[in-house]
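Taken in sequence, the protein lines are chains V and G. Those letters in the first sequence? Residues 1 to 113, by this note's numbering. Those letters in the second sequence? Residues 1 to 111, by this note's numbering.
Keep in mind the hints are simulated off the structure, nothing from the lab. Treat the hints with caution; some may be incorrect.
Pairs of lysine to aspartate or glutamate residues, derived as DMTMM-like cross-links and limited to a Cα-Cα distance of at most 25 Å, are as follows [unchecked claim]:
#	chain 1	residue 1	chain 2	residue 2
1	V	K11	G	E45
2	V	K57	G	E93
3	G	K42	V	E101
4	G	K42	V	E85
5	V	K15	V	E72
6	G	K70	G	E15
7	G	K2	V	D24
8	G	K2	V	E44
9	G	K56	V	D24
10	G	K42	V	D63
11	G	K70	G	E3
12	G	K2	V	D63
13	V	K11	V	E85
14	G	K2	G	E106
15	G	K67	V	E85
16	G	K67	G	E3
17	G	K42	V	E68
18	V	K57	G	E106
19	G	K2	V	E20
20	G	K42	G	D66
21	V	K57	G	D7
22	G	K56	V	E101
23	V	K17	V	E72
24	G	K67	V	E20
Which stretches of chain V does chain G cover? Using the computed rule of at least three CB atoms under 8 Å from a CB of chain G, they are [claimed, not checked]:
#	segment
25	43 to 49
26	65 to 74
Glycine residues also receive a C-beta, built at the ideal position from the N, C-alpha and C atoms.
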Amino acid sequence: GAGVSQSPSNKVTEKGKDVELRCDPISGHTALYWYRQRLGQGLEFLIYFQGNSAPDKSGLPSDRFSAERTGESVSTLTIQRTQQEDSAVYLCASSQYGPREQYFGPGTRLTVT
Amino acid sequence: QKEVEQDPGPLSVPEGAIVSLNCTYSNSAFQYFMWYRQYSRKGPELLMYTYSSGNKEDGRFTAQVDKSSKYISLFIRDSQPSDSATYLCAMSENQGGKLIFGQGTELSVKP
Chain V
1 GAGVSQSPSN KVTEKGKDVE LRCDPISGHT ALYWYRQRLG QGLEFLIYFQ
51 GNSAPDKSGL PSDRFSAERT GESVSTLTIQ RTQQEDSAVY LCASSQYGPR
101 EQYFGPGTRL TVT
Chain G
1 QKEVEQDPGP LSVPEGAIVS LNCTYSNSAF QYFMWYRQYS RKGPELLMYT
51 YSSGNKEDGR FTAQVDKSSK YISLFIRDSQ PSDSATYLCA MSENQGGKLI
101 FGQGTELSVK P
């Protein structure tokens, strides 16, 4: 079956512009996670959705970052007024049975010029 | 201080060598420990998963967790050039929760 997909695969934007990143999880997966990976670094947790529960937003670095998820389907991560330090790969993962089953998408490489 | 520390390497070994990768952590509430492998420009893929302390073996890979020392290891036996990748340790306090990752160790296995 299809894995986690993300779009776009690459995004170049000017500083100050807003961007939207999309994640399509594996069908039937109730949990969805967003992570950020800066060059040469590990993954940094951003936000986590589980079913109809309130999302865990504890990793969002500033109020410029927000994410939405409709039901158990697509999620979008929005970054407003992008800054150069937002340049990174944004990875989405989905899971049905907890952290050991997190399946990652290929990521969106965001470059802010 | 980061919650999870991992030597970034890079680590270069000859084919057939035994590789040891390690992470230390500070949060004693971590119970779930994972190792992910990430090829260049790809998403991480789960290699090994361990709950609490102990060892787990899967083919050429062995994961060890020592909660008393807050130290986890991944051993790769008979390393192959195809093992060349970045290896990330990850930990979680509970199932379904967020993962806290180490920085990743870049491994190169030379033929």
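How the hints compare with the structure:
1. K11(V) x E45(G): holds, 23 Å
2. K57(V) x E93(G): Status holds; Cα separation ~16 Å.
3. K42(G) x E101(V): Holds. K42(G) to E101(V) sits at ~17 Å (cutoff 25 Å).
4. K42(G) x E85(V): Status holds; Cα separation ~21 Å.
5. K15(V) x E72(V): Violated - the C-alpha atoms of E72(V) and K15(V) are around 32 Å apart, more than 25 Å.
6. K70(G) x E15(G): violated, 30 Å
7. K2(G) x D24(V): violated, 31 Å
8. K2(G) x E44(V): holds, 11 Å
9. K56(G) x D24(V): Distance of about 32 Å is beyond 25 Å: violated.
10. K42(G) x D63(V): violated, 28 Å
11. K70(G) x E3(G): Holds - the C-alpha atoms of E3(G) and K70(G) are around 11 Å apart, at most 25 Å.
12. K2(G) x D63(V): holds, 23 Å
13. K11(V) x E85(V): The given pair, whose Cα atoms are some 14 Å apart, holds under the 25 Å limit.
14. K2(G) x E106(G): holds, 19 Å
15. K67(G) x E85(V): violated, 35 Å
16. K67(G) x E3(G): holds, 14 Å
17. K42(G) x E68(V): Holds, because 24 Å separates the two Cα atoms, which is no more than 25 Å.
18. K57(V) x E106(G): violated, 30 Å
19. K2(G) x E20(V): Violated - the C-alpha atoms of E20(V) and K2(G) are around 29 Å apart, more than 25 Å.
20. K42(G) x D66(G): violated, 30 Å
21. K57(V) x D7(G): Since the Cα atoms of K57(V) and D7(G) sit roughly 28 Å apart, the hinted pair is violated (cutoff 25 Å).
22. K56(G) x E101(V): The hint holds at about 17 Å.
23. K17(V) x E72(V): Since the Cα atoms of K17(V) and E72(V) sit roughly 29 Å apart, the hinted pair is violated (cutoff 25 Å).
24. K67(G) x E20(V): violated, 40 Å
25. 43 to 49: Since three or more residues must qualify, the claim that chain G covers the segment 43 to 49 of chain V holds, with 4 doing so at under 8 Å.
26. 65 to 74: violated (count 0)
The earlier numbered hints that this structure contradicts are 5, 6, 7, 9, 10, 15, 18, 19, 20, 21, 23, 24, 26.
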